[in-house]
Amino acid sequence: MRLVYFAWVRERIGLAEEEVSPPAEVATIADLIDWLASQGAGHAAAFADTTRLRAARDQSFVPLETPIAGASEIAIFPPVTGG
Amino acid sequence: MIRVRVGPEPIDLAAELEKAEQGGAVATFTGIVRADDGVSELRLEHYPGATEAALEVLAVEAIARWSLHTATIVHRVGPLRPGDRIVFVATSADHRAAALESCAYLIDRLKTDAPFWKRETVGETKRWVEPRTTDDAAADRWK
Numbered sequence: 000m001r002l003v004y005f006a007w008v009r010e011r012i013g014l015a016e017e018e019v020s021p022p023a024e025v026a027t028i029a030d031l032i033d034w035l036a037s038q039g040a041g042h043a044a045a046f047a048d049t050t051r052l053r054a055a056r057d058q059s060f061v062p063l064e065t066p067i068a069g070a071s072e073i074a075i076f077p078p079v080t081g082g
Numbered sequence: 000m001i002r003v004r005v006g007p008e009p010i011d012l013a014a015e016l017e018k019a020e021q022g023g024a025v026a027t028f029t030g031i032v033r034a035d036d037g038v039s040e041l042r043l044e045h046y047p048g049a050t051e052a053a054l055e056v057l058a059v060e061a062i063a064r065w066s067l068h069t070a071t072i073v074h075r076v077g078p079l080r081p082g083d084r085i086v087f088v089a090t091s092a093d094h095r096a097a098a099l100e101s102c103a104y105l106i107d108r109l110k111t112d113a114p115f116w117k118r119e120t121v122g123e124t125k126r127w128v129e130p131r132t133t134d135d136a137a138a139d140r141w142k
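Here the protein sequences come in this chain order: X and P.
Going by numbering that gives the first Met the number 0, the letters in the first sequence line up with residues 0 to 82, in that order.
Going by numbering that gives the first Met the number 0, the letters in the second sequence line up with residues 0 to 142, in that order.
Each hint should be verified, as a subset may be incorrect.
[Unchecked claim] Computed from the model, here is a short list of chain P residues facing chain X with C-beta under 10 Å:
#	residue
1	M0
2	R4
3	E8
4	E44
5	Y46
6	T50
7	A53
8	R84
9	F115
10	W116
11	T120
12	E129
13	P130
It is worth saying that the hints were derived from the structure and are not from the lab.
As the structure is a prediction and not an experimental result, all values here were calculated from the model.
Backbone N, C-alpha and C define an ideal beta-carbon position, used for all residues, glycine too.
Full structure from sequences and hints, please.
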């Protein structure tokens, strides 16, 4: 599964994207964030406050409770400020 | 007709306006980078692919809701300076109310529904712009 990061999430992790194979018990994007936070200091810093995180599954905005099964790309980012 | 473009190129108002002119009324909005608090650079990051799709969805919604002839959204990304055009929106309809309302709709929804993030440079400091609750309220009024 491909993960992509934007804005300060990308900066804190130090990566724009990565490939991961989370364990089977990681069912939702929220679970994925918890699992990633245990994988390194940058991930932990980026994901310290989940209320400031938003996500997209295969390029559509979705809630963090959304399942990840079958997804090819998950994006994790701060609330948007565009326009 | 929908025209959506996201890229680093400067926005050519005359060219964009000419393509948007259909029907009896055209409304446009141009967003310009402000030098608030001494901002010297505004850098726009986006989610390639997802951004264009999100803008297309907004344009399709506006065309259906107001029976528009055209909906144009041009958004710049990358480094911008105060005075630069950052976004251009144009809508055309048979009458002015539909053109003006749909233009306001697109501007409001762009703030909250398109994956753009802004980073300001002030002096030596770079900081990510925080979302504003007033932007959420502006977008919510169209629901």
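Outcome of the hint check:
{"no.": "1", "hint": "M0", "in the structure": "violated (22 Å)"}
{"no.": "2", "hint": "R4", "in the structure": "violated (14 Å)"}
{"no.": "3", "hint": "E8", "in the structure": "violated (17 Å)"}
{"no.": "4", "hint": "E44", "in the structure": "holds (6 Å)"}
{"no.": "5", "hint": "Y46", "in the structure": "holds (6 Å)"}
{"no.": "6", "hint": "T50", "in the structure": "holds (8 Å)"}
{"no.": "7", "hint": "A53", "in the structure": "holds (8 Å)"}
{"no.": "8", "hint": "R84", "in the structure": "violated (13 Å)"}
{"no.": "9", "hint": "F115", "in the structure": "holds (2 Å)"}
{"no.": "10", "hint": "W116", "in the structure": "holds (4 Å)"}
{"no.": "11", "hint": "T120", "in the structure": "violated (14 Å)"}
{"no.": "12", "hint": "E129", "in the structure": "holds (7 Å)"}
{"no.": "13", "hint": "P130", "in the structure": "holds (4 Å)"}
In terms of the numbered hints stated before, the structure departs from hints 1, 2, 3, 8 and 11, listed from lowest to highest.
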